[in-house]
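So the protein sequences, as listed, match chains X and A. Using the numbering used here, the final residue of the first sequence is 206, and nothing's skipped along the way. Using the numbering used here, the final residue of the second sequence is 366, and nothing's skipped along the way.
Each hint should be verified, as a subset may be incorrect.
[Unchecked claim] Simulated pairs of lysine to aspartate or glutamate, DMTMM-like, Cα-Cα distance not exceeding 25 Å: (1) X:K109 / X:E169; (2) A:K265 / X:D165; (3) X:K85 / A:D267; (4) A:K262 / X:D165; (5) X:K109 / X:E130; (6) A:K265 / A:D228; (7) X:K188 / X:D101; (8) A:K249 / X:E167; (9) A:K261 / X:E200; (10) A:K262 / X:D149; (11) X:K126 / A:D360; (12) A:K346 / A:E282; (13) X:K126 / X:E74; (14) X:K184 / A:E310; (15) A:K351 / A:E282; (16) A:K261 / X:E185; (17) X:K120 / X:E130; (18) A:K351 / A:D228; (19) A:K262 / X:D39; (20) A:K266 / A:E317; (21) X:K120 / X:E74; (22) A:K327 / X:E181; (23) A:K276 / A:D295; (24) X:K161 / X:E130; (25) A:K351 / X:E75; (26) A:K261 / X:E75; (27) X:K197 / X:E185; (28) A:K262 / X:D73; (29) A:K262 / X:D67; (30) X:K57 / X:D73; (31) X:K85 / X:D73; (32) A:K327 / X:D73; (33) A:K261 / X:D73; (34) A:K346 / X:E130; (35) A:K351 / A:E280; (36) A:K261 / X:D67; (37) X:K126 / A:D267; (38) A:K346 / A:D329.
In short, the hints are calculated from the structure, not lab data. On a predicted model such as this, the values are computed, not experimentally measured, just so you know.
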Amino acid sequence: MPKRGAPPEVNAGSMADIAFLLLIFFLVTTTIETDAGLDRMLPPIEPPDTDVIIKQKNIFQVSINRDGQLLADEELTNIKDLRAKAIAFLDNGGAPSGSADYCSYCKGKRDASSSDSPAKAIISLKNDRETKYGTYITVQNELVGAYNDLRNREAQRLFKKDFTDMEAEYLNPETPDNVREELKEKVKRVQDLFPQKLSEAETSSN
Amino acid sequence: MSKFNKKKDAALPAVNTASLPDIVFMLLFFFMTVTVMKDSTLKVENVLPNATEIKKLEKKDRVIYIYVGKPTREYEKVFGTESKIQLNDKFASASDVGDYILMERAKKPQELQNVLTTALKVDKNANMGIISDIKQELRKVNALKVNYTTYEGDAFRNLQ
């Protein structure tokens, strides 16, 4: 019998099956994840050379005990109220107008017995060794949230944009360089209005 | 007879599936490229807490991971139920963290060595004591940039 033209075709019917098998494997093993979390800087281990004297009124002391109870500024506080309290403290601007620390953009009560200005205000966080990590993160989240709320307010006033959006855009590697340069200054400016001063004492074991 | 033959020809032709493998391969390649294989198997329970004020960890090559949590079921008998630190694939104590960071840092290219972040993936039921020990070790080796890795969600759910 004479051969007619083309050689016989390879049967590719099972190729799809094999490909499906691989596909399903990769589908199952894929986890498209980008990690996210709270960024913090730890204090360097060497103590600063000069001892800075900080006025008691400029410190907002937050302590968490082993049962997850919260002591903010020597008052037992519900964690849900912490953010408001922290904002009130940071935004207080107690220094009288005319003094070097006077805060022109603060909208707080200007209570002389609370913080002088956002630049001076320090939040000190202390926790027990038995404190649950979840509670600690919640407290951290609220404190960072307090800073972010205030920064958003100022960024809205100055640039009509949220600070968190500006920062996210600045940190995004896909943002073009010229845009980033511009954002950098704005982000820096807002950050300087409310510098994040969150100190963490070493944990107590009692 | 010829009439019958004609009828047979007119039967529904089979759907051409020749391009099916191409489509499937396309999907396959997509998933192959986006897949990230886990580089260490978790030996500890790792339910992260929730937070809202989070920032993304953009560059994976600049991150060193530390896992903390209770040993999982199969390791419970050997290692107990206290929270443990996992570095790479091994359980470790807090005093090993410093060496681990230095070792990981040495593996990274020179230009990245100063911009590394330490991601702490800690189970929400772990105690702060172990975290404080880790933080102390990190300060000793000057790895000051940390990221408490969390899920995105209402932070008050952590309290329950």
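Verification of the supplied hints:
1. X:K109 / X:E169: 33 Å, violated
2. A:K265 / X:D165: 19 Å, holds
3. X:K85 / A:D267: The hint is violated at about 39 Å.
4. A:K262 / X:D165: 12 Å, holds
5. X:K109 / X:E130: Judged against 25 Å, a Cα distance of about 36 Å means the pair is violated.
6. A:K265 / A:D228: The given pair, whose Cα atoms are some 33 Å apart, is violated under the 25 Å limit.
7. X:K188 / X:D101: 19 Å, holds
8. A:K249 / X:E167: 35 Å, violated
9. A:K261 / X:E200: Distance ~20 Å between K261 (chain A) and E200 (chain X) Cα, so the pair holds.
10. A:K262 / X:D149: 19 Å, holds
11. X:K126 / A:D360: 23 Å, holds
12. A:K346 / A:E282: Distance ~31 Å between K346 (chain A) and E282 (chain A) Cα, so the pair is violated.
13. X:K126 / X:E74: OK: K126 (chain X) and E74 (chain X) at ~12 Å, within 25 Å.
14. X:K184 / A:E310: At roughly 30 Å apart (the allowed maximum being 25 Å), E310 (chain A) and K184 (chain X) break the hint.
15. A:K351 / A:E282: Since the Cα atoms of K351 (chain A) and E282 (chain A) sit roughly 32 Å apart, the hinted pair is violated (cutoff 25 Å).
16. A:K261 / X:E185: 19 Å, holds
17. X:K120 / X:E130: Between K120 (chain X) and E130 (chain X) the Cα gap is close to 31 Å, so the pair fails against 25 Å, i.e. violated.
18. A:K351 / A:D228: 46 Å, violated
19. A:K262 / X:D39: This hinted pair holds, its Cα atoms lying about 9 Å apart.
20. A:K266 / A:E317: Holds, at roughly 15 Å.
21. X:K120 / X:E74: With a Cα-Cα distance of about 20 Å, the restraint between K120 (chain X) and E74 (chain X) holds, given a limit of 25 Å.
22. A:K327 / X:E181: The hint is violated at about 32 Å.
23. A:K276 / A:D295: Holds, at about 15 Å.
24. X:K161 / X:E130: Violated: K161 (chain X) and E130 (chain X) sit about 41 Å apart, past 25 Å.
25. A:K351 / X:E75: 31 Å, violated
26. A:K261 / X:E75: Between K261 (chain A) and E75 (chain X) the Cα gap is close to 31 Å, so the pair fails against 25 Å, i.e. violated.
27. X:K197 / X:E185: It holds: about 20 Å lies between the C-alpha atoms, which stays within 25 Å.
28. A:K262 / X:D73: 32 Å, violated
29. A:K262 / X:D67: 30 Å, violated
30. X:K57 / X:D73: 10 Å, holds
31. X:K85 / X:D73: 9 Å, holds
32. A:K327 / X:D73: 30 Å, violated
33. A:K261 / X:D73: 28 Å, violated
34. A:K346 / X:E130: At roughly 23 Å apart (the allowed maximum being 25 Å), E130 (chain X) and K346 (chain A) satisfy the hint.
35. A:K351 / A:E280: 33 Å, violated
36. A:K261 / X:D67: Measuring from Cα to Cα gives roughly 28 Å; hence the hint is violated.
37. X:K126 / A:D267: 32 Å, violated
38. A:K346 / A:D329: Roughly 24 Å separates the two Cα atoms, so the pair holds.
Consistency note: the structure conflicts with the earlier hints numbered 1, 3, 5, 6, 8, 12, 14, 15, 17, 18, 22, 24, 25, 26, 28, 29, 32, 33, 35, 36 and 37.
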